[in-house]
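Given the coordinates of chain A, work out where chain B should sit on it, guided by the hints.
Here is how the chains run, residue by residue.
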Amino acid sequence: MTFLQRQRLAYMGITAPALAFLSLQVLLIGSALVSSLTDAQGAFTTAHLARVFRDPLFLRGVTYNFVIPFLSVAMEAVTGLAMALWFYHIRRGKTFWRTLAIVPFAVPEIVYLLTMKLLFRQHGYLNSVLVASDLTSGAIGWLNPGEGLVVLVVILVDAWRVTPLVFLIVLAALEQMEESTVEAARVDGASWAQVIRHIQVPLVLPALGVAVALRAVDAFRIFATPLVLVGVEGLPVLTSVAYHYKADLNDPAGANVVALSLALGLVVAASIGSFLVGRKERMP
Amino acid sequence: MKRSSWHRGLTPPLFRAITPGALLVLAAVNLGPIGLVIRQAFSPEGESATWPISLVPQSVTVENLTLLWETQSLGNHLFLSLWVAALTTLISLALGFPAGWSAARLGVLQKIATRSALLSRILPPITIAIPLTAMLIPVGAYNHPLGLGLVVAHLTIGIPIAILISFAAFRGFPREFEEAAYVDGCSPLGVFWRISLPSVKGSLASASILVFLVSWDEFTYALLLQLTNRTMPPLVYYYTEFGQLGAASTLAFLMLLPAVVVIAALQRLLVRGVLAGGIK
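Each protein sequence line maps, in turn, to chains A and B. Going by the working numbering, the first residue of the first sequence is number 215, and it counts up by one from there. Going by the working numbering, the first residue of the second sequence is number 11, and it counts up by one from there.
Take these hints with a grain of salt, some might be off.
Simulated coverage check for chain A against chain B, where a stretch passes if three residues somewhere in it have a Cβ under 8 Å from a Cβ of chain B [said to hold, decoys possible]:
| id | segment |
| --- | --- |
| 1 | 224 to 233 |
| 2 | 242 to 254 |
| 3 | 298 to 309 |
| 4 | 333 to 346 |
| 5 | 470 to 476 |
None of these hints come from the bench; they were simulated from the model. Fair warning: this is a prediction, and the values are worked out from it, not measured in the lab. Yeah, the Cβ is synthetic: ideal placement off N, Cα and C, and Gly gets one too.
Looking at chain A on its own, in the form it has when it is part of the complex (with noise of 0.2 Å):
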């Protein structure tokens, strides 16, 4: 055997064990399709498909699964790149100050998630700092079930949590830009808005896309914020109603055929927007 032979087994070789274990995924999906898809006895069935897709539980969850995440990665989007723009300038205690904006992505998601029901709950702290101050008649049901609201409150929680990682990306790509550039234009008279909007904003793209992209992928997967502000029946998503099914219901069969269908969903999403962006570099 030659050394490069030798080498290349080596590479194989070390490479494996974790393969193998990430190709274990692709046989627990392959046995959720064989469950979604058979009867207690074993046989073929379309049972399981036809009872979770006339669930009025699992079409409400289809139509926030689309509208949660959409509305939170454009707001993360827009909180993060303002928020990337006004560090940006902030140089005194810096390294304090960008730990602090990060701090609700760095606590566990359970405790960050803890604290918003603490404030946001009917008996909670905002409610008593609301009434206690005249600000309201009567307690606010910010997490009522079934209301317009309950979605504006989640849609904000489940922003604010990620909106720092965002900012980061975004302030990365603007740190990297020379400061002369912005000196140049301010010199030629430019004002702060044109700056913002012809040179910085236009240079950070490709950076805010690219965050914007990674958060998509999470932000469909969203399951503790709506879970555990308002329970999965009071406002579902696809990850509850599958843990619903799961664990509430104790029908593995329905839980797979609602986890599949998001899972699907993304892979698809997610190979057209890795195919667009594909098509776009390869655009002159």
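Same frame as chain A, now just chain B:
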């Protein structure tokens, strides 16, 4: 004189006007709620039912903590969380770093390894968790007292992280050093162990912190796979669901302690530019 006017020209006037106030608002929004969790953790459970609830505690006590410790075997849950996170970290790095190194050195593997790592990032945990439950029950690893099933689940997140981080690190490490070792008669595995791995110690450290905390924070798999032998995140969820907000806050406070490490780690990320310059 001229210099100061230059400086003024480079800072928007609006920025100077709003920054102090806006930073205070940011501090209140990001730290305030955490303060409330700590306040809730160290006041009697009965206080969370008062209306309107006061921002400052009426009395301070550690009864939530002692109650959880004595009646709910909090020690076991804490140990399980730490153990699962530690085991996940160890195995993820042991499998992921060799894979990342090979991927950085061999074109064929680069595509396979990075793509499968990315695909694992796209799949929703719930899609894996439901069939995994069915697979773990027959082998007795479902709701395992040592969380073995949960470790398997967490590895599907940990290994991709280790692969992606180590791939980036090894790609930045000059091949010439490895080639020199080969010329001197070192075997491929010897090169990995003696030359390449020691040169990416920084990435090894950040990957281990990251994987540890991802496992420590992980909620979905833990909720589905550990029905009664719970790790900390589902435990916080259950107490929140049952309206025992004092107990939930106490657990959350304990979960926060390792998160302080995250903030320190992310702080390094903020000065990454400086670090990147140091390698060259």
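Here's how the hints hold up against the structure:
no.: 1; hint: 224 to 233; result: holds (count 8)
no.: 2; hint: 242 to 254; result: holds (count 5)
no.: 3; hint: 298 to 309; result: holds (count 4)
no.: 4; hint: 333 to 346; result: holds (count 9)
no.: 5; hint: 470 to 476; result: holds (count 4)
Violated hints for the displayed structure: none, as all numbered hints are satisfied.
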